[in-house]
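Protein chains: 2
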Amino acid sequence: MGRLFDKSLSDILQEAASSAPTPGGGSVSGIAAAFAASMAAMVGNLTIGKKKYRDVEEQVTALRDKALGLMAAFETLVEEDISQFGKFMEAYRLPKSTEEEKQHREGVLQQALKGATETPLKVARACVELLELVCELAPIGNTMAISDAGVAAYLAEAALYAVLLNVDINVPMIKERGFAVQAIEEKEGLMEQARSLREKAVAIVSERMS
Amino acid sequence: MGRLFDKSLSDILQEAASSAPTPGGGSVSGIAAAFAASMAAMVGNLTIGKKKYRDVEEQVTALRDKALGLMAAFETLVEEDISQFGKFMEAYRLPKSTEEEKQHREGVLQQALKGATETPLKVARACVELLELVCELAPIGNTMAISDAGVAAYLAEAALYAVLLNVDINVPMIKERGFAVQAIEEKEGLMEQARSLREKAVAIVSERMS
Numbered sequence: 004m005g006r007l008f009d010k011s012l013s014d015i016l017q018e019a020a021s022s023a024p025t026p027g028g029g030s031v032s033g034i035a036a037a038f039a040a041s042m043a044a045m046v047g048n049l050t051i052g053k054k055k056y057r058d059v060e061e062q063v064t065a066l067r068d069k070a071l072g073l074m075a076a077f078e079t080l081v082e083e084d085i086s087q088f089g090k091f092m093e094a095y096r097l098p099k100s101t102e103e104e105k106q107h108r109e110g111v112l113q114q115a116l117k118g119a120t121e122t123p124l125k126v127a128r129a130c131v132e133l134l135e136l137v138c139e140l141a142p143i144g145n146t147m148a149i150s151d152a153g154v155a156a157y158l159a160e161a162a163l164y165a166v167l168l169n170v171d172i173n174v175p176m177i178k179e180r181g182f183a184v185q186a187i188e189e190k191e192g193l194m195e196q197a198r199s200l201r202e203k204a205v206a207i208v209s210e211r212m213s
Numbered sequence: 004m005g006r007l008f009d010k011s012l013s014d015i016l017q018e019a020a021s022s023a024p025t026p027g028g029g030s031v032s033g034i035a036a037a038f039a040a041s042m043a044a045m046v047g048n049l050t051i052g053k054k055k056y057r058d059v060e061e062q063v064t065a066l067r068d069k070a071l072g073l074m075a076a077f078e079t080l081v082e083e084d085i086s087q088f089g090k091f092m093e094a095y096r097l098p099k100s101t102e103e104e105k106q107h108r109e110g111v112l113q114q115a116l117k118g119a120t121e122t123p124l125k126v127a128r129a130c131v132e133l134l135e136l137v138c139e140l141a142p143i144g145n146t147m148a149i150s151d152a153g154v155a156a157y158l159a160e161a162a163l164y165a166v167l168l169n170v171d172i173n174v175p176m177i178k179e180r181g182f183a184v185q186a187i188e189e190k191e192g193l194m195e196q197a198r199s200l201r202e203k204a205v206a207i208v209s210e211r212m213s
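Residue numbers (the working numbering), protein chains in the order written: chain A, 4 to 213; chain B, 4 to 213.
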């Protein structure tokens with residue numbers, strides 16, 4: 004099958020739009036998050052090496068490197084999202100004629116559901132990390148490119164809300180109550196963090212653009 | 004140079020993250036919007052041909068086709084965004100030794116700035132169209148895929164906010180006051196529409212998921 008990110012953007016969009024189950028909403032959210040990270044890295048790259056920003060060069064270089072790390076992490080998580088879906092479908096197709104088979108199938112399904120809940124939470128955690136990074140970068144990055152820090156913030160926030168819809172889908176089917184409750188609580192906390200970090204980042208960007 | 008969408012996702016992300024001026028925030032926003040459209044189309048494709056949804060098949064087919072049209076439109080607008088930037092840089096590099104040259108350069112620059120304001124407004128208008136489409140699709144699309152209508156709504160809204168940052172950048176440099184005022188007014192209207200349409204779409208999606 005090969006890695007999704009090696010395909011052309013055009014082909015990925017066609018596959019996403021088709022009735023094929025992957026890439027679905029989780030993967031598309033992860034791709035949007037990767038683009039958000041790319042914009043943070045670009046703001047860093049347009050700041051590094053500029054005389055005017057020499058005082059913040061070390062700090063911006065660290066932020067640029069972290070943004071590139073997050074971009075790579077989102078790519079890995081998208082591939083994980085796709086393989087999680089495969090595991091779920093495999094589990095779903097297991098035989099269920101005997102009591103033994105039923106029990107085995109249910110156990111495998113529950114594992115797959117937990118995985119398919121954990122992956123979007125990982126994407127969302129990385130989105131919050133990215134938003135924190137943008138809040139550090141926005142006050143010191145090159146003014147000429149600072150609107151792209153705003154682009155990063157808007158896309159990272161939306162990617163987080165979008166990917167967490169998968170938590171809402173999977174949690175009702177998870178039987179381990181503790182896991183389910185914790186996933187929902189974490190989801191709600193991440194959404195609040197994202198909103199407040201995006202507001203902060205966009206406020207800084209707006210001020211520096213005016 | 005070739006079309007951006009023919010490149011691999013991996014290469015596009017690397018270019019976006021680099022200090023190369025394109026693809027910048029406008030293009031990345033347009034790509035996010037294209038992915039939003041792909042999710043609306045997918046929900047359509049997962050509804051069409053299903054017995055349970057036969058009553059809405061005609062309506063959903065029309066919405067699916069419109070979503071695919073918007074996906075293609077975003078692709079065209081991203082290429083337009085890239086070529087607008089090229090025009091702006093060309094204008095910027097025009098000679099400005101004589102009074103005549105200065106006047107010519109200023110005229111070309113003003114044209115380029117208007118173009119670079121008009122393109123993000125076109126992207127934003129298409130995002131609003133997509134959000135309207137999602138609001139029509141969300142109540143009738145296949146429940147099994149309805150969370151992806153939520154993904155479409157979140158990403159389309161964020162893409163709109165993100166792309167309109169380019170209006171804020173360009174408008175202060177535009178000398179034709181009427182054009183500038185109208186662009187800002189339209190921007191604000193589009194942002195309000197997007198917020199309210201996204202809220203509506205996500206509310207429908209949440210209700211159908213529960």
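Calculated directly from the structure, the hints in this document are not laboratory data.
Don't take each hint at face value.
As the list makes no split between identical chains, a pair holds if one copy fits it or if it spans any two.
As the list claims (entries may be wrong) - Straight line, CA to CA, 27 Å or less: simulated DSSO-like cross-link-like pairs of lysine-lysine: (1) Lys203 / Lys99; (2) Lys69 / Lys10; (3) Lys53 / Lys90; (4) Lys69 / Lys99; (5) Lys99 / Lys55; (6) Lys55 / Lys69; (7) Lys10 / Lys99; (8) Lys105 / Lys125; (9) Lys10 / Lys53; (10) Lys117 / Lys54; (11) Lys53 / Lys99; (12) Lys99 / Lys54; (13) Lys69 / Lys53; (14) Lys90 / Lys203; (15) Lys203 / Lys53; (16) Lys99 / Lys125; (17) Lys117 / Lys203; (18) Lys105 / Lys10; (19) Lys125 / Lys54; (20) Lys125 / Lys53; (21) Lys178 / Lys105; (22) Lys55 / Lys117; (23) Lys203 / Lys10.
Here the structure is a predicted model, which means the values were calculated and not measured.
**OP:** Could you tell me which of the hints above the structure violates, numbers in ascending order?
**Re:** 1, 4, 7, 8, 9, 10, 14, 16, 17, 18, 19, 20, 22, 23
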